[in-house]
Every structure is written in structure tokens, then in C-alpha cells.
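Engineer: The hints should help you fit chain H onto chain X, whose structure is shown.
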Amino acid sequence: MKVASGQPWWRALLTTALALAGALAAWQLLTATWGVISPARFPPPLEAYGALRQIVLDGYSNGRLHDHVLRSVVLVTMGFVVASAAGVALGLAMGASRVVEAVANPVFLLLRPIPPLAWIPLAIVWLGLGDAAKMMVIFMAAFVPSVINSYTGVRQIERPIFEAAAMLDARGVRYWREVLVPGALPSIFTGLRLSLQASWTTLVAAELVGAIAGLGTILNQAAQDIYPGMIVVGMASVALCGWIMTQGLGWIERRAMPWRVVH
Amino acid sequence: MLQPRLATNRWLQLSAIGAIGFLAVWTSAALSGLTSRDFLPTPWDVLQRFMHLVREPFSGATLGMHLLSSLQRFGMGFGLAALVGVPLGLLMARFRWLDRLVTPAFEAVRFVAPIAWVPFAALWFGTGIGGPVLIIFMGAFPPVLINTYRGARQVDLKYIEAAQMLGASHWRAMTQVMLPATVPSIVAGLRISAGLGWQSLVGAELIVASSGVGYLMVKGQAAISTATVMSGMLAIGVVGVIIDAALRRVQLTIETRRGL
Chain X
0 MKVASGQPWW
10 RALLTTALAL
20 AGALAAWQLL
30 TATWGVISPA
40 RFPPPLEAYG
50 ALRQIVLDGY
60 SNGRLHDHVL
70 RSVVLVTMGF
80 VVASAAGVAL
90 GLAMGASRVV
100 EAVANPVFLL
110 LRPIPPLAWI
120 PLAIVWLGLG
130 DAAKMMVIFM
140 AAFVPSVINS
150 YTGVRQIERP
160 IFEAAAMLDA
170 RGVRYWREVL
180 VPGALPSIFT
190 GLRLSLQASW
200 TTLVAAELVG
210 AIAGLGTILN
220 QAAQDIYPGM
230 IVVGMASVAL
240 CGWIMTQGLG
250 WIERRAMPWR
260 VVH
Chain H
0 MLQPRLATNR
10 WLQLSAIGAI
20 GFLAVWTSAA
30 LSGLTSRDFL
40 PTPWDVLQRF
50 MHLVREPFSG
60 ATLGMHLLSS
70 LQRFGMGFGL
80 AALVGVPLGL
90 LMARFRWLDR
100 LVTPAFEAVR
110 FVAPIAWVPF
120 AALWFGTGIG
130 GPVLIIFMGA
140 FPPVLINTYR
150 GARQVDLKYI
160 EAAQMLGASH
170 WRAMTQVMLP
180 ATVPSIVAGL
190 RISAGLGWQS
200 LVGAELIVAS
210 SGVGYLMVKG
220 QAAISTATVM
230 SGMLAIGVVG
240 VIIDAALRRV
250 QLTIETRRGL
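Sequences listed follow chains X and H, in order.
For the first sequence, numbering that gives the first Met the number 0 gives the first residue as 0, with consecutive numbering after it.
For the second sequence, numbering that gives the first Met the number 0 gives the first residue as 0, with consecutive numbering after it.
Looking at chain H on its own, in the form it has when it is part of the complex:
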């Protein structure tokens, strides 16, 4: 039988046991002397290293500066994906010939993992801003396009026809009827895109970048400083959660406003 919910107290107790157990195993493995502390630091070491990285620069910048340049790249790649994906999705939903033209190419390219664009990204745009942005774009683009397209296809044709009968141009029918009706689907797509884009960013920075959190982790790896690598993972995880939470808020606001 599906078990009933646990009482909050019991739940917290058990969660605490899980968390403490995990930290205890980790700490005792680190302190056991089987490996060096550089190789397997304690959780406390990682936190200390994290605070240290926040204050002192490592491989050219503090953690905050690295994060900033990561976020800048992410913003550009993600913004570009939205800027291209939303209009293209709407147009594809409206014009069958465009749909037929773009879809096969899109389906073929989609199967190339974003990370496999690394060589061309480096060759075409270099390792500064352009290269990583291409990889983020490749990760973030498909969900926006697919969701916009699917959402726009679900808009009842009656509304568009009614608008056109009342004299609305193609442009107005698309921007004032189709687009507003598609917004919830677009936002849902953007949320998936942001997640995939953030993941691709990490991959991009591991290989083609000279700043950013991924780069910091590579430098930590080269210095065999596990604590630095783990600090980077922590920063990436936290920022990823914040981005998702922000977009989730936007999504919820829009959905409640529309009574969905």
C-alpha cells in the first residue's frame, strides 16, 4: 500500500540522519589517512576553500568574477536562443513551407550533442565570448523552438481568422493574437532551455574558455586541488538552482494570471 505521509518531525529526523550519515562517511573517509587531504578534502575544507575563493583571486579572478563572466556568456547564449527561437517557432507554426524547410535540418542538427560543437566553436569564434556562446546557444535553442512551435500550433485557428477578418495584417495576427496565446508554452520552454544552456556552459568553459567557473574548475583540476573543483561544482549548482527558481516564479505568475 502506498504509505501515508510521515509526520513533519519524523521526516526532519530521518532527513537529518541521512544528511549527517552522508557527511560522516565523507569526513571519516577524508580523515582516515588513506588518501591525502588535497585528494579528498573534508566538507569543512571545501567550505573554507569556497570562502577563500570568494575573497582571493584564483587563476586570474575571484569566484565572484568568474561567476560573473559565466553568467554573461550564459545570458548571451540564452538570450540569443530566445531571440531566434521564439520568432522562428511562431513563423513555422504560421507558414507550412517554412516548417517543411526548417524541420528536417533542425531534427538532424538537434542530434548533435551541444558539446560536439566545441571544435567549430573554437575555430569560428575563438575562446573569448563567441565560442562558449555558440555552445550554450546549441544547448538552449531546441526547447525554445519546439515549445514555441507546439504552443503556437495549439492556438485555435478561429481566433487568427477572426482577427484577419477584422482587418489585422499577418504581422498583427501573429504579434497580437498568436504570440500572447503562446506565452505560457514559451516560458515553459525557456525554463528547460535555461537548464540545458547552463549545463552546456559548464562544458564549454571546461574546454574553450579562459575565464568562468568551468575554467576555475579546470585550473583546480590541474593543481590537483579537489576542494577547488568542488567549490566550483557548488557554485554552479547553487546558481543553476537560482536561475531555475527565478524562471519558475515567472512561469507560476503567468499561469495564475491566466487561470491555468
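So here's chain X without its partners, still in its complex pose:
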């Protein structure tokens, strides 16, 4: 899965360009030229491009592409930040204190096995199809992974570090800021990555079930219109936005832990 290292950058670039050209050619040949795949099932490249032009310039399903993208990304970012802040705080507290762990554990055992997507119907019953329901669903999706990983992060800190901290009499705010949080940080970020993925998937699903705007509504509308070109555009947008957000989180991770070489 890893591209062999050691070859010059232009070779890697050339390989990628060739692969892309090959994929595009295969796509064109299979759908349009030879018609192996019926255009009603999977769109030829030109139709996908036409759909892209349409949504970027004129709009589709209540908005242009950037409206949909902005709406989904802003919602996910807000929900993710709120949920992971709460989740990391609870996880750290559960890791640091056995009492908090024991009290929070039963509720957590109940919430943990429920898949994020299963919250969607409940959110709709309680909050309707608006942004509040989306926030609830994103919160539930992002909360659990950040709690679990922050908690394990604290528990994985090695004993000598705690002993050194005790010897140096680190207490209170300093103990948290200089021992617990940095020690748990690698695991916290693992949790954040899982949280981000879960909340993105869940938001798209929630928008598919019902929403006014957002990437999921493009997919929903395109499915109803049986418009394969637009389905491809919607899927590509979902993938691209997810990828960019993951990269952004990776960038923050490298900034937050300069002492750690991330592969």
C-alpha cells in the first residue's frame, strides 16, 4: 500500500499521472465508447463533468456546491469541537480518578455499543430535521471515541513518569498540563481522528435521511432524480471533504506534538 520510497519525486508524479490517465481512459471506454456499463447505472466522464458544472455554476438541490460543502463542514466542525472537548475532558477525568471512572462507567457501558448512525432516528423524533438534530447526532458520534482514547491515553502513561511527577511535587493545574495531557496526547489524537471520521459519516447519513442543504442532500436528491452523474459528484465531494479535514487534523497533531515523529 505504501509507494516504494527512494525513487525520485518526478517518477512518483509520473506514475500517479499515468494511473489517473489510465483510470480516466478505462472509465471513458467502459461507459461511453464500448458501453459495457450502461450510462443509466454509472455515468460517463462527460456526464459527471456536466453535473459538476451544473452544481458549481447553477446549483442543485437548494444550493450551489460551495453552499452545501460549507454547511456540512461548518456543522461537523462545530459538533466535533464541542463533542471532543467534552469527551476528552471526561476521558482524562476517568483516567485520572478511579472514582469518576467507577461512577461514569455504567452509563458509558450503555452508550458505547450503540452505533453512531443509530442515533439518527432518535434525533429526528426529538429535534426534527434541522441543525439541532444534526448537532446531536454528530455529538454522539464524536463523543464516545474521544472518551475511550483519552482514558486509555492516561492509563498508558508509564509509571516512572508518575513517580517523577510525584517526586517533583507536580500538583493541580501543573500536574494536568505537564503530565497527564502531554502523556495522553498521542492516544487522544487517535481518538480525535476516529471521532472526526465517525462524525463526518454520521452527518452525511443524517443529511441523507432528511435535511435542507448539505452534501447528503445532494446524494439524496440525485438518488431520487436517478441522476448518476450527480451521485458521483456528491460522493467525490464527501470523500474530498473528509480527506481534507483528516489532513487538517493531522497538521494540528504535528503542531501539538513537535517532539514526536509522526509517520
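By construction, these hints were calculated from the structure, which means they are not laboratory data.
Bear in mind the structure is a predicted one, so any value in this text is a computation, not a measurement.
Every residue, glycine too, gets a C-beta built ideally from N, C-alpha and C.
Hints should not be assumed to be uniformly reliable.
Claimed, not checked - If we take Cβ atoms under 8 Å as the criterion, some of the chain X residues that face chain H in the derived model are:
| no. | residue |
| --- | --- |
| 1 | R40 |
| 2 | R97 |
| 3 | A101 |
| 4 | A103 |
| 5 | I113 |
| 6 | A117 |
| 7 | L121 |
| 8 | V124 |
| 9 | V208 |
| 10 | A212 |
| 11 | I230 |
| 12 | M234 |
Structural biologist: Same frame as chain X, but now just chain H:
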């Protein structure tokens, strides 16, 4: 300082306080009269509704029947993922050209959330069995493939070369040397796959299905019956835990047998 473990008694006490506190807040919110019981049922209402759904059919079937059709879809999607993922992973580890061909496509497709396949799933396979199975497959496939591939790449080439020197064909070297050595990694991947597949199933059934627990929840949602929705969540959670526990057992058995 990292706190020492609590005594079992104290732990149980505190857990009981947590559990009772949670149920008390929930119940009093439900009984406070601020909202209707349909909107926010008490925990007891949910359990009653659950038992009712087990006995009486709702939207076409009892809870057990809905679960059965969910499990059937899950089995097919998950089975298909394993059936394609394991051989493909082994082949990719053995043949560099295949690795180079598949990896870029795989990486690109992997970033599409499984749920985003819903429109194509409905268009290509309809809402019966095929559509949901495609979505489960998309959720469950990546971990099997990645784990099989990584596990197979870690097999010491010496063993394969030794087998081939002794006259084993490509096929035998792969099935009798590479595959057995990769099994622990494959099982670990299958466990992740099962979890993701089960999650995707719920999403699939919310949108493209006409039976199953997800469908039951959608119907409950349409009837504004929170207790029905929560019963569905409960059933999904419990079955998810059972699936994971079963695979965990398999994993542990294999690992102890191999002395890992």
C-alpha cells in the same frame, strides 16, 4: 499520582450510584410532565415496549424477525468482504504489480464514507437484499484487506522461498505457508470489519430497506414513538456486543494456540 485500584465493594457502590443516578435523572425528566411520555418515555416504558415488540409484530414483523433479516444482510455483506478481502490481500502481498494497480483505486474509494454509497446501492441493487449488502460490504471491506495485506507482508520471505525451493507451487506457497502465518492478523481485521459492517448496516437500513431493525426504528420515528426507536437501539447495541464477543473469542483462541 496514578491512583490505586478501588476495592471491589467500593467500585460496585460507586457504579451503582452512577447507574441509579442516570436512571433517576432520566425517569424524573420523563415523569416531570414537561414532555409527553411518547416523546420521552421512562426506562421502564422502553423495556415494556421492547418486550411488546418481541411478542407482537410491528411494521410487518416481530423484533426477532427484523433482527433475523438484519443479521442475514450483515452475514452476506461481511462474508462477501472476507471472501474478497482475504484472497486479494494475500495476492497483493505476493505480487507487486497487483499491489500497485489496486492500491491507488482502493485508497481513493476508501475515503468515500460507506453511507455515501446509498444512492448507487439503491440504483444498482434495489432495496431488498442487494442494496444494503453493498453498503455493509463497503464498510467491512477495508479492514480485512488492509490487515490481510499487512499481515502477509510481515511473513518472512525465507519461509516462502524455502517452500518454493522444495517444489511448492505459487498456489501451495500461498495457501500453505503465507495464509496460515497471516491468520492472526486476518482475524484481528475481521473483528474491526464486523464492527464497521454492523454500523453500516444500521445506516443502510435507515435508508434503503423495507425490513430489519433499522427499518423498525424509522417506522418508530415516523410514529413518534421514542420507546420503539430506543428498543431498536437497544437491540442493535446488544447484538453488536454479541458479535464482537464471539469474534474476540475466536481471536483469543487462535492467539493462545499460537502462543502470541
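Engineer: A212(X) was flagged as interface toward chain H. Is the shortest Cβ-Cβ separation under 8 Å?
Structural biologist: Interface hint status for A212(X): violated (16 Å vs cutoff 8 Å).
Engineer: Would you check whether L121(X) satisfies its interface hint, that is, whether its CB is within less than 8 Å of any CB in chain H?
Structural biologist: Check passed: Cβ of L121(X) comes within 5 Å of chain H, closer than 8 Å.
Engineer: Holds or violated: R40(X) as interface residue toward chain H, Cβ cutoff 8 Å?
Structural biologist: This hint holds: R40(X) lies near chain H, its Cβ roughly 6 Å from the closest one there, short of 8 Å.
Engineer: For the hint on A103(X), does the least C-beta distance to chain H fall short of 8 Å?
Structural biologist: It holds, given that the least Cβ distance between A103(X) and chain H is near 6 Å, below 8 Å.
Engineer: Report holds or violated for the interface hint on M234(X), using the least CB-CB distance to chain H and a cut-off of 8 Å.
Structural biologist: Holds: closest Cβ of chain H sits about 5 Å from M234(X), inside 8 Å.
Engineer: Do the numbers back the hint for R97(X), that is, is its least Cβ distance to chain H under 8 Å?
Structural biologist: holds (5 Å)
Engineer: Could you check if V124(X) really has its C-beta closer than 8 Å to a C-beta on chain H?
Structural biologist: Interface hint status for V124(X): holds (5 Å vs cutoff 8 Å).
Engineer: Against chain H, with CB atoms and a cut of 8 Å, does the hint on V208(X) hold up?
Structural biologist: holds (6 Å)
Engineer: Tell me if the interface restraint on A117(X) is satisfied: Cβ within less than 8 Å of some Cβ in chain H.
Structural biologist: Since the shortest Cβ distance to chain H is 5 Å, the answer is holds.
Engineer: Under the criterion of a CB-CB separation shorter than 8 Å, is A101(X) in contact with chain H as hinted?
Structural biologist: holds (4 Å)
Engineer: Tell me if I230(X) is really an interface residue toward chain H, meaning its C-beta lies closer than 8 Å to one of theirs.
Structural biologist: holds (4 Å)
Engineer: Tell me if the interface restraint on I113(X) is satisfied: Cβ within less than 8 Å of some Cβ in chain H.
Structural biologist: Holds - the Cβ of I113(X) comes within 8 Å of chain H, reaching about 5 Å at its closest.
Taken one by one, the earlier hints fail for this structure only at number 10.
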